[in-house]
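The primary structure of each chain is shown beneath.
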Amino acid sequence: MVSASAQKSPGFLRGYLFSLDHKVIGIQYTLTGLLFLLLGFTIMTMMRWQLAHPGLPIPLVGGWFGQTRAPQGIMLPEFYNSLGAMHGTIMVFLGVVPVAVGGFGNFLIPLQIGAPDMAFPKLNLASYWCYAAAGLVMLASFLVPGGAAQSGWTSYPPLSVINQGAQAWWLVGMLLLITSSLLGSLNFITTIVQMRAPGLTFGRLPFFIWAQLVTSFLLLLAFPPLEAAAFFQLMDRVAGTSFFLPTGLVVSGRVLHNAGGGNPLLWQHLFWFLAHPEVYVLILPAMGIVSEIIANNTRKPLYGYRALVGSTLTIGFMSMVVWAHHMYITGMGTTMSSFFQTTTILISIPSVVILTCLFLSLWGASIRFTVPMLFALAFLPMFGLGGLTGLPLGMAPAGLHLHDTYYVIAHFHYIVAPGTIFALFAGVYYWYPKATGRQMNERLGQLHFAGTFVCMNLIFMPMFIQGLAGMNRRLYDGGALYAMNHDVLWLHLLISRAAWTMAVFQVPFMVNVVLSLRAPRTADDNPWQATTLEWAAASPPGHGNFRVPPHAYRGPYEYSVPGAAADYTPQFAPAGE
Amino acid sequence: MEIPYAIEVRPDTGTYNARLAMWLFLASEAMLFGALFSAYVLLRTGADVWPRGPERLNVTLGSINTVLILAASASLAVARRAFLAQHAGRARAAIGAAAAAACGFLALKLFEYREHVLAGDVPARDNFFATYYVLTGVHALHVVGGILVLVYLLLTRPGPAPSATARYQHRLDVTLMYWYFVDAVWLILFVSIYLR
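Going down the list, the protein sequences come from chains F and S. Residue numbering for the first sequence follows this note's numbering, starting at 1433 and increasing by one per position. Residue numbering for the second sequence follows this note's numbering, starting at 89 and increasing by one per position.
Fair warning: there could be bad hints in the mix.
[Claimed, not checked] Reference excerpt, derived from the structure (chain F facing chain S, CB under 10 Å, subset only):
no., residue
1, A1547
2, P1548
3, S1617
4, A1654
5, A1661
6, T1673
Read the hints as simulated data drawn from the structure, not as lab findings. By construction, the Cβ of each residue, glycine as well, lies at the ideal position given by its N, Cα and C atoms.
Sequences are here, hints too, so could you generate the full structure?
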């Protein structure tokens, strides 16, 4: 376990940059991912300027982008499009998943299962640096002539193949990212299956671990089709092939001189085969984090452990057979459409079961309103709203009208932003003492929460209204050209101001994360009086994690056990204590 | 720090870490080649005209390649058996033979590509050649990866300790699993692209 003899200190490179320790790698993923989230957010604040004040020069930084992107500081449509495509790409692939899976997964899985590290530490190192390389490629793509990728994060051909800009860079970045993800998922699954501590049966695993296990299977099996598709599109862009270009394609009035015979729908199928399971990759770790925090701050077991696990496994399987609900407008015919509508409605059931179990966990609880708990509690109705608004989208008659409108943007942002990202914030506040030995400041956390919660709703609620009016996504003028949008155009200004305000409320969080590191190390092993195995280790744990190899004696949520001395009985405390 | 079950088998799962990881990896690879293959099927069935494999491709060269890639795996199976019987020298020779056969496969593949390019059959020519190059090319990249692993196995002599021997045996085992998969993919590609 933890090396008793102090090994020679490894130095900066082997200790912090190229460490084999899962905790260091987890923190690397978290910090890099948080930085990308900040970048994606900044990109959005710039887009919001164009939507709120179309045609006006971007204040302060407008002059930085040059003649090809923002002449006289006024954003060009192509620049708006590349900001949109990269906002989505960066947030989903470089921000949320690396923090939720690479960060929290890496840091917590070995600790929560009582293992000294991941099964393959060198593979872990490789997967982080593959991700970092992917990030660098995506960042560099902004400097390429023609601009960054600008065909949406969905990169639909033929546009993505014939468009100017750094689409090929985007594709290479995705190939690197998919490699990183694959190596990571191999590691996570093997570790969870093979390296659980004695006594830790599958039925005693914290729900967080189940969530990460299913997430890893989704990443393992769903990403390869996108890898294939990215390879095809890369060939189309650089080698002149026609995997996705149909015969006789007319571009700007002229027929394209390519071989033809390709199928744009082929891309859509391959893309969404990944991208639907991807949305469950975005939400399952968040549900795992929120569940741990709710159990701890209600001082009672989670309601319905078996329902939670069964629902998660069901979601995993079903997520692979719903993808074409993103493609209802492609003219698929009623048979195919009925199939996908059915599977889509069915998959909403386990999602509701999970949310219901979490709500029921609050019943009769002794709630501690710590900052992690504030975010975890807010997650529940926010995810609920996002999920429920998905139902009209899943049913083709309504989905056909709402497709590609602001309603869709509102739906998925409610799930990812005040949903997943709130869970990630909650997780940072909750596990910060374990990772650093220090507590974060409570007041700054409350300020961060209150401002962010209000602003999130001011940003995304009006978008439902805009979408129902018919306002399309990805329009540089915010839909001003269409008469049907005129009554809801004014909401752009409200939303933008809420977004800029929300930016200000992230400052207390950033300050808190950095300055709390300088506080004295007051956190002991188990500052939250929690029950799972990570709280048996020191704060922060040394290499090898545990002073003595831990043993699991009971389930993960033994809170308020009748007759026990304290209101919690940790998994790692021997029977009779 | 010792990683548990890297060498010894975990009783309740019945396997050691690397073997589980290789099964998972192969599942993922099956999804990758499945996607590539599905795309091929979609494009071919949706096309008005699609040449037959023997009309455009050299079936003889493809057949030789089939023999070479199967020989590589067969050699590696011999190596694994030999190492198990503690004939380390024989095992190394067999690994070398496997690597040589695989290199022969690649050399022939590159020769084939060159012949095609010189004849004007480039990926951009039509979707027949586009799918031919991408599917066999991705497969060839996997052969390259496999050769790198074989070279690594040749260069790393296991030490005398039983744990080192066991670790090396495990590496042979999982590498052989990988090569069987590479074989299977080639057979499917050969039949569906060269022969149909």
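Comparing the hints with the structure gives:
| no. | hint | in the structure |
| --- | --- | --- |
| 1 | A1547 | holds, 7 Å |
| 2 | P1548 | holds, 5 Å |
| 3 | S1617 | holds, 8 Å |
| 4 | A1654 | holds, 8 Å |
| 5 | A1661 | holds, 7 Å |
| 6 | T1673 | holds, 4 Å |
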